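Undergrad: Given only the sequences and the hints, what does the whole structure look like? Please build it.
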Amino acid sequence: MRPKILIVDDSMTTLLMEEMLLKKYTNFDVVQARNGQEAVKVALEELPGLILMDVVMPKMDGFAACREMRRLEKLKRIPIILVTSRGEAENVEKGFESGCNDYLTKPIDSNELVQMVNGYLGAEEGR
Amino acid sequence: MKEKNIVRGQTAVKGESVATAALAEQLETRARDYMRRCHETVPSVERHTIWSRLYAASERLSMAVRDGDVADAVIEIGSNLLGCEEIVVVELHAETKLMSFLASVGVSATQRHALSSKFHQIAAEIKRGQARIVDKRVAGDEFLASIGVSALAPLSQGQKTGAIVFFNLLPQRKSFDSGDRELLGLLSVYVGPSLFGT
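Protein sequence lines, in the order shown, are assigned to chains X and G.
The number in our numbering is simply the position in the first sequence, starting from 1, with 75 added.
The number in our numbering is simply the position in the second sequence, starting from 1, with 33 added.
Don't take each hint at face value.
Claimed, not checked - Here are the simulated DSSO-like cross-link-like pairs (lysine-lysine), alpha carbons at most 30 Å apart as the crow flies:
{"#": "1", "chain 1": "X", "residue 1": "134", "chain 2": "X", "residue 2": "79"}
{"#": "2", "chain 1": "G", "residue 1": "207", "chain 2": "X", "residue 2": "98"}
{"#": "3", "chain 1": "G", "residue 1": "207", "chain 2": "X", "residue 2": "169"}
{"#": "4", "chain 1": "X", "residue 1": "116", "chain 2": "X", "residue 2": "79"}
{"#": "5", "chain 1": "X", "residue 1": "134", "chain 2": "X", "residue 2": "151"}
{"#": "6", "chain 1": "G", "residue 1": "130", "chain 2": "G", "residue 2": "160"}
{"#": "7", "chain 1": "X", "residue 1": "116", "chain 2": "X", "residue 2": "149"}
{"#": "8", "chain 1": "X", "residue 1": "98", "chain 2": "X", "residue 2": "79"}
{"#": "9", "chain 1": "G", "residue 1": "207", "chain 2": "X", "residue 2": "99"}
Unchecked claim - Listed next, the stretches of chain X that the computed footprint assigns to chain G, with coverage defined by at least 3 CB atoms under 8 Å from CB atoms of chain G:
{"#": "10", "segment": "114 to 125"}
{"#": "11", "segment": "145 to 157"}
{"#": "12", "segment": "183 to 197"}
It should be emphasised that the hints constitute simulated quantities derived from the structure, not laboratory data.
Values in this document were obtained by computation on a predicted structure and should not be read as measured data.
For each residue, glycine too, the CB sits at the ideal point set by N, CA and C.
TA: Okay, structure coming up:
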């Protein structure tokens, strides 16, 4: 079975763009969630190979969702890439403290996104 | 980190009319075309990036036309696809020489004042009719540059006019580029009819 990528964002625009690029440049299936709370639920159901998650979201933000996922045995080893609007040091630091593996800044740079995803999930597997 | 506090203005939510449906369908057709280009052609990652952004924006706008939240969708598109979190959508009222702020994010009182106090200049910029990336070194861009505008997408539908005004970009973005110009163009063509005509 192909690994899945869980993309999490409250912006439909971002979800549409990320899904389009991931489907074009990787061979992974894509599942979505619209906030941190939903992300934890979907991650437990789908057990994705990678999670790409926005930071500022309603109900539960990306940092809190990240911490929650790191607490759960089933999710603690899944790589999480946080997507931030601002790559300022304090946000990046806070992201790593909450347990993320990496981060990307918006607007998404396609090359960076595809390279990072393939780096975590394996380029061969993803093609 | 800047919170996503969108200031809502006077966007009216209406039942779907024939015009709304037609506009949404036009946007859906464009979205499908960009999706097809993304899937069927192999030019470069950069080109696909532009098409995927145009696809996402068209699709999002078509949903917004049906849902009656076009101004908010514009803010979302600007923040997420253009890397700008200082955006305002304005409507100009020729009779009163006043400006309505339909939606905004991250825009200060000073920036709002800079716009509303220059009604005639903004109206003249809108009259030029094309989405513009402002470059202070270019003749004709001095006014917009002087009030801190980095791009402007004029909006019109019949007698109604307005604009999407972009101020500072996020720190990771140095300037708008040619791909942004295409997205600004798309917004300029479809947001006016969506906001003012349906």
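Undergrad: If a hint holds in the structure, say so; if it does not, say that too.
TA: Here is what the structure says about each hint:
1. X/134 <-> X/79: At roughly 24 Å apart (the allowed maximum being 30 Å), residue 79 of chain X and residue 134 of chain X satisfy the hint.
2. G/207 <-> X/98: holds, 29 Å
3. G/207 <-> X/169: holds, 25 Å
4. X/116 <-> X/79: Holds - the C-alpha atoms of residue 79 of chain X and residue 116 of chain X are around 15 Å apart, at most 30 Å.
5. X/134 <-> X/151: holds, 21 Å
6. G/130 <-> G/160: Cα-Cα ~15 Å, so holds.
7. X/116 <-> X/149: holds, 12 Å
8. X/98 <-> X/79: holds, 11 Å
9. G/207 <-> X/99: holds, 27 Å
10. 114 to 125: With 0 residues close enough to chain G, the hint is violated.
11. 145 to 157: violated (count 0)
12. 183 to 197: Check passed, 4 qualifying residues.
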